[in-house]
Every structure is written in structure tokens, then in C-alpha cells.
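> Residue numbers (numbering that gives the first Met the number 0), protein chains in the order written: chain A, 0 to 179; chain B, 0 to 353.
Just so you know, these hints were derived from the structure itself, not from any lab.
Nothing here was measured: the structure is a model prediction, and the numbers come from that model.
Treat the hints with caution; some may be incorrect.
[Claimed, not checked] Quick list of in silico lysine-lysine cross-link-like pairs, DSS-like style, CA-CA up to 25 Å: (1) B:LYS84 <-> B:LYS48; (2) B:LYS99 <-> A:LYS36; (3) A:LYS160 <-> A:LYS143; (4) B:LYS99 <-> A:LYS2; (5) A:LYS2 <-> A:LYS36; (6) A:LYS164 <-> A:LYS127; (7) A:LYS135 <-> A:LYS164; (8) B:LYS58 <-> B:LYS84; (9) A:LYS2 <-> A:LYS89; (10) A:LYS160 <-> A:LYS120; (11) B:LYS152 <-> A:LYS137; (12) B:LYS84 <-> A:LYS127; (13) A:LYS2 <-> A:LYS34; (14) B:LYS99 <-> B:LYS58; (15) A:LYS160 <-> A:LYS137; (16) B:LYS152 <-> A:LYS89; (17) B:LYS99 <-> A:LYS89; (18) B:LYS278 <-> B:LYS152; (19) B:LYS84 <-> B:LYS286; (20) A:LYS89 <-> A:LYS34; (21) B:LYS286 <-> B:LYS330; (22) B:LYS48 <-> B:LYS99; (23) B:LYS99 <-> B:LYS84; (24) A:LYS127 <-> A:LYS89; (25) A:LYS127 <-> B:LYS58; (26) B:LYS48 <-> A:LYS2; (27) B:LYS286 <-> A:LYS2; (28) A:LYS34 <-> B:LYS99; (29) B:LYS152 <-> B:LYS48; (30) B:LYS330 <-> B:LYS99; (31) B:LYS286 <-> A:LYS135; (32) A:LYS36 <-> A:LYS120; (33) A:LYS135 <-> A:LYS120.
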Amino acid sequence: MLKCQECHERPATLHFTQIINGQKREIRVCEVCAKEKGYIHYSEEGYSLHDLLSGLFNFDTPSIENQQGAFQQVQELQCPSCGMTFNQFKQIGKFGCAQCYHTFHPRLEPIFRRVHAGNTKHVGKIPKRTGVHLQKRKQIEEYKRQLQHLIETEAFEEAAKIRDKIRALENDGKIAGEDA
Amino acid sequence: MSLEHFMNEAISPWMREDGPDSDIVLSSRIRLARNFANFPYPIIADEEKLEEIRLFFEKEFAHQTFQHYGEFEFIPTRELSAIEKRVLVEKHLISPNLTKFSQESGALIAQNEQASIMVNEEDHVRLQIYYPGLQLQQALEKAFELDDWLEEKITFAYDETRGYLTSCPTNVGTGMRASVMVHLPALVMTGQINRLMPAVNQLGLVVRGIYGEGSEALGNIFQISNQITLGKSERDIVADLESVVHQLIEHERNARFMLMKERNTQLEDRIYRSYGVLKYSRIIESKEASNCISNVRLGIDLGMIQQTSRTILNELMVLIQPGFLQHYAQKTLTANERDVLRASLIRERLQLES
Ligand SMILES: [Zn+2]
Ligand SMILES: [Zn+2]
Chain A
0 MLKCQECHER PATLHFTQII NGQKREIRVC EVCAKEKGYI HYSEEGYSLH
50 DLLSGLFNFD TPSIENQQGA FQQVQELQCP SCGMTFNQFK QIGKFGCAQC
100 YHTFHPRLEP IFRRVHAGNT KHVGKIPKRT GVHLQKRKQI EEYKRQLQHL
150 IETEAFEEAA KIRDKIRALE NDGKIAGEDA
Chain B
0 MSLEHFMNEA ISPWMREDGP DSDIVLSSRI RLARNFANFP YPIIADEEKL
50 EEIRLFFEKE FAHQTFQHYG EFEFIPTREL SAIEKRVLVE KHLISPNLTK
100 FSQESGALIA QNEQASIMVN EEDHVRLQIY YPGLQLQQAL EKAFELDDWL
150 EEKITFAYDE TRGYLTSCPT NVGTGMRASV MVHLPALVMT GQINRLMPAV
200 NQLGLVVRGI YGEGSEALGN IFQISNQITL GKSERDIVAD LESVVHQLIE
250 HERNARFMLM KERNTQLEDR IYRSYGVLKY SRIIESKEAS NCISNVRLGI
300 DLGMIQQTSR TILNELMVLI QPGFLQHYAQ KTLTANERDV LRASLIRERL
350 QLES
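Can you build the whole structure from these sequences, using the hints too?
Rendered as C-alpha cells:
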């Protein structure tokens, strides 16, 4: 984390290069100071994404506040692991740690939906080492789907083979009958 | 091996190999973003935490060899001069954002420059694999293997529902950005690009120029990449991107054929004029140079220019960038000085081939 050069407190989440009289100057400030010092109108790569995100949040927030009623204070979500608040996340558009995903979970669905064309669930790679159990479970689920289909189509011979495969996986990868 | 190894040549060794459809696709790249499960991300972490990660990478992976890509060298960014950093960015070995989040950032770069791993950029880990031509699937398999190799020693932040937990919500899930660099001079010349690019965007892909600012694509080189990372497997994302690229290749080849058939003299004139400019000019701005280099490469692809190798496009596009010019001169240069040196390096480079 680089600290903001203006307040020396918050993370410097915005970076600009200013050229004055041919002199290049790097500016690294936080969102708050960027607005205060008027840096914000300088364009920066990635800022359009940020605009998109803050647009989402602005769209999203009032409706929630309305539900809570005008006088009720909304308890702000804060990540117990990295300390990032939901407000900060809204400003920066980035998570502070893996735990943030859990902490902010109730408010993330609409964001993912917007950013990922309606999708909210991962269907790709599972880590090879730490994901062995998950891989196995997913494989079993897949076999069970196949099994169901085979039974429905009365392909019993095939179904028996798949059932053996499921058993083998459930017996910790050993081939059925091997330990007999 | 040292930093010098990566600085001296404008072109990475793997770029000299030919790949499928390399008359149009210059390179394929897969990038995977990963994070340590139990460390705060660079945007918010204390520098001491990030230092731990940097030291871990130096200890565990520096001087290790991954497959045929060769030994990894660890380059700490704090030891890079501004010009050195720029050269590595211009060669696409690191991103311009590598020093944006922490002083504790760095990159592991494989000897043949086909694989590199950025440490403490926006995410703790961003690995990338390059292949010449259109070889996204090959690059993906290798990126997975490199990912597994790292995962033997690192527990990545991963969640069954959300996948790989990245710092930015736009990368969550696969953490993957698949991209191809394509040279589309005929589509630009015929104006068809203006019709095709919005269509490509509609398919959920992002198109941008690699060199130059904003929508301008210097050298008619475009990067096309996937936008979404959730709800679709890596292999499906890659397959969909490849099929769009195949269509673009088809359109570009048709446009080239049409230009040859209907506007051959104008086309020849344009290509040979550009060749002349590159061969004889004494002062050249990067915009004009990029344009001429693109035309000459087209001339090579169409068989009009024979004594020059195709890789001249990739090579000169890097060679003429400000960082590389200044590295060559070993000092900071004004814009005018750069234009003079640029012209002279291009002349020299073309001389080598004729
Ligand atoms: Zn500040
Ligand atoms: Zn957190």
C-alpha cells in the first residue's frame, strides 16, 4: 500500500502523471484528497471502471436506505480481517482481502451480476492441491447427474459402471473391490 | 543471467518462432490473477506484509526452472531505473501498474521471456504466458501448469462459489484475461474496422489499441480480450475468443485480397513509400513510424517485400518506444532527440536485412 501524498493516511488509490512545463510529476493520492485538491478530472486508466462501479453503488444504495427508514442508522459493514469498510470498497472499487468477499457478501450479488453479464458463480478451475476434496465432490455430482440420466433412459449396464465410479470416489479414490 | 538479459533485445526470443495464423495474430497471452489466502491485498496491506510475500517469492522461485521456459530471474522493481522499468513495460514483461500499489513489487521473468509472474501488483500474483500466433489453448494449458507449480507452495484465496478471489471485482472467478494481439491493416484501410469493432464488443470482448492513447491503434495493432471472468470456464472463454478471432482473420484476409485485386497500384505505392520513409528518413515521430512499419509488414505478408523478416513489426514497434530509445542512448532524451535516434535505429535495422 502506498500512502496518499496529501494526507499521508489513506491508501493512494489514484495515480496521475502531471506534466507542467515539461516536468513530469507523479501524483499518488487517495480518493478523498483527489476530489478536494481537484485532481479528479485528470483521466486515468481504470477510472471508467471505477465510475461504472460507483454508478452501480449509487444506484444500489438509496433503495436499501429507504427500506431501513430515514432515521435509522445503517450499521456499516467492515471487514474484520483487513479493516476495509463497505464505503471504502465503494470508493476504491477493490477488495482489501479474501475475507472481504464474505463480509460484504449480502451486497455483492448485484455488482457481480452487472460486471459479469448476469453471472455470479464460478465454473472454472479448482485449485489442484488445496481443491482435491472439492474436485472429488464436483466429480461425484457430475457422475450422479449422468447416472440419473442413464437410469431414466434405461441404460442399466452403463448406469452400473457409473455407480461403481461413484463408489470408488466415495471410498477415497480406491477402485471398488480393490481392498477386498 | 541478469536484468541486462531482458533489456538488450527489443524482441523476446519466443517471438522469432512462427505460430498459427501469424500473418495476422502476433501473439496470444493468458494472464491469471491469484492472491494469498491469508494476506491482505496490496491496495490495503502494510508494506511489511508485502515484503514477506516478495521475500517468499525470491526464496522459493528465483533461479528455479519451469519447464522449457528456463530459469526465473527475480527483478525487484525498487531497483529499476525509470527507463529500465519502461523497457520492461514496452516489452510487455511487466505492466505499467507494477509499481502502483507497493514498493515491494517485483517480477519473476523466465529466461526465454515467455512466462513471467508479477508480484504485488494489484493482486499478489499475476502470472502470464505468451505464445506466438493464435495459440490461446496452448497458452492456457501452460498457464494452468504454471499455476499448479506455484500452488504447490502457496495457498491461494479461493471460494467454491466465487472462484479465485481477486482484488478487483472485474477479475473474480477465473482471474483470467485471455488476449490476442492482431495486426489488421486492411480492415483499417477499408474502414471495415469501424463496423467490426462494435460487433466484437457486443460479444463481450474488449478491443483496444496496444500502442497509442485512447481509441487510436498505432501500427494497426489491436488487443482483443475477454471481459467477464465469472460464470464461464477458462476453456469456454478461450474457445469463444478464438472463434471471434478466426472470424476477424477471415475478414482481414478478404480485405487484403480485395485491396490487391482492386487497388493494387495504390496499395503498392503505399507500401513502397513507407519502406522508403523507414529506409531514408532522418527524423521520424512514433506515429508516422508505426504507420510505416505496419505498411511494410503488410508488404511482407503480401510478398511485395521479400528481403525483410516478418518479426520486424514486433521488433520495431518495441524498438521505437521512448523507453527503449533512451535505454539505447543510455540517457534521457528530448522528444526531438528521440525522433532522430528512432530514424537512425530503424535505418540500421533495415540495413541488417537487405
Ligand atoms: Zn489523502
Ligand atoms: Zn478484507
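> Give a verdict on every hint.
Structure-based check of all given hints:
1. Straight-line distance between C-alpha atoms of LYS84 (chain B) and LYS48 (chain B) comes to about 24 Å, which keeps the hinted pair within the 25 Å bound.
2. Of the pairs offered as hints, the one joining LYS99 (chain B) and LYS36 (chain A) holds, with about 20 Å between alpha carbons and a cut-off of 25 Å not exceeded.
3. With a CA separation close to 12 Å, the supplied pair LYS160 (chain A) and LYS143 (chain A) stays within the 25 Å bound.
4. The straight-line distance between the Cα atoms of LYS99 (chain B) and LYS2 (chain A) is roughly 11 Å, inside the 25 Å bound, and the hint therefore holds.
5. For the proposed pair LYS2 (chain A) and LYS36 (chain A), the alpha carbon gap of about 16 Å is at most 25 Å, so the pair holds.
6. Restraint check for LYS164 (chain A) and LYS127 (chain A): the C-alpha separation of about 20 Å stays at or below 25 Å, so the hint holds.
7. Of the pairs offered as hints, the one joining LYS135 (chain A) and LYS164 (chain A) holds, with about 11 Å between alpha carbons and a cut-off of 25 Å not exceeded.
8. Annotation: proposed proximity of LYS58 (chain B) to LYS84 (chain B) holds, straight-line Cα distance about 23 Å (limit 25 Å).
9. About 19 Å separates the Cα atoms of LYS2 (chain A) and LYS89 (chain A), which keeps this hinted pair within 25 Å; it holds.
10. For the proposed pair LYS160 (chain A) and LYS120 (chain A), the alpha carbon gap of about 31 Å is over 25 Å, so the pair is violated.
11. About 24 Å separates the Cα atoms of LYS152 (chain B) and LYS137 (chain A), which keeps this hinted pair within 25 Å; it holds.
12. Our distance criterion of 25 Å between C-alpha atoms is broken by LYS84 (chain B) and LYS127 (chain A), whose separation comes to about 34 Å.
13. With a C-alpha separation of about 16 Å, the suggested pair LYS2 (chain A) and LYS34 (chain A) falls inside the 25 Å cut-off, and the hint holds.
14. Restraint check for LYS99 (chain B) and LYS58 (chain B): satisfied, since their Cα atoms lie roughly 23 Å apart, inside the 25 Å limit.
15. Between LYS160 (chain A) and LYS137 (chain A) the CA atoms are separated by roughly 18 Å; this keeps the pair inside 25 Å, and the hint holds.
16. Our distance criterion of 25 Å between C-alpha atoms is broken by LYS152 (chain B) and LYS89 (chain A), whose separation comes to about 33 Å.
17. Annotation: proposed proximity of LYS99 (chain B) to LYS89 (chain A) holds, straight-line Cα distance about 20 Å (limit 25 Å).
18. Proposed proximity of LYS278 (chain B) and LYS152 (chain B) is contradicted: the alpha carbons are some 52 Å apart, above 25 Å.
19. The hinted pair formed by LYS84 (chain B) and LYS286 (chain B) meets the criterion: a straight-line CA distance of about 22 Å does not exceed 25 Å.
20. Restraint check for LYS89 (chain A) and LYS34 (chain A): satisfied, since their Cα atoms lie roughly 15 Å apart, inside the 25 Å limit.
21. Annotation: proposed proximity of LYS286 (chain B) to LYS330 (chain B) holds, straight-line Cα distance about 22 Å (limit 25 Å).
22. In summary, the hint linking LYS48 (chain B) to LYS99 (chain B) is supported, as the alpha carbons are separated by about 16 Å, within the 25 Å threshold.
23. Proposed proximity of LYS99 (chain B) and LYS84 (chain B) is supported: the alpha carbons are some 12 Å apart, at most 25 Å.
24. Straight-line distance between C-alpha atoms of LYS127 (chain A) and LYS89 (chain A) comes to about 33 Å, which puts the hinted pair past the 25 Å bound.
25. Among the hinted pairs, LYS127 (chain A) with LYS58 (chain B) is consistent with the structure: their alpha-carbon atoms are about 22 Å apart, no more than 25 Å.
26. Straight-line distance between C-alpha atoms of LYS48 (chain B) and LYS2 (chain A) comes to about 15 Å, which keeps the hinted pair within the 25 Å bound.
27. Distance restraint check for LYS286 (chain B) and LYS2 (chain A): the Cα-Cα separation of roughly 37 Å exceeds the 25 Å cut-off, and the hinted pair is therefore not satisfied.
28. Pair hint LYS34 (chain A) plus LYS99 (chain B) holds up; C-alpha atoms about 19 Å apart against a cutoff of 25 Å.
29. For the hint pairing LYS152 (chain B) with LYS48 (chain B), the CA-to-CA distance comes to about 18 Å; that is within 25 Å, so the pair holds.
30. Between the alpha carbons of LYS330 (chain B) and LYS99 (chain B) the distance comes to roughly 24 Å, so the proposed pair stays at or under 25 Å and holds.
31. About 55 Å separates the Cα atoms of LYS286 (chain B) and LYS135 (chain A), which puts this hinted pair outside 25 Å; it is violated.
32. Between LYS36 (chain A) and LYS120 (chain A) the alpha-carbon distance is near 40 Å, which puts this suggested pair outside the 25 Å criterion.
33. Of the pairs offered as hints, the one joining LYS135 (chain A) and LYS120 (chain A) holds, with about 19 Å between alpha carbons and a cut-off of 25 Å not exceeded.
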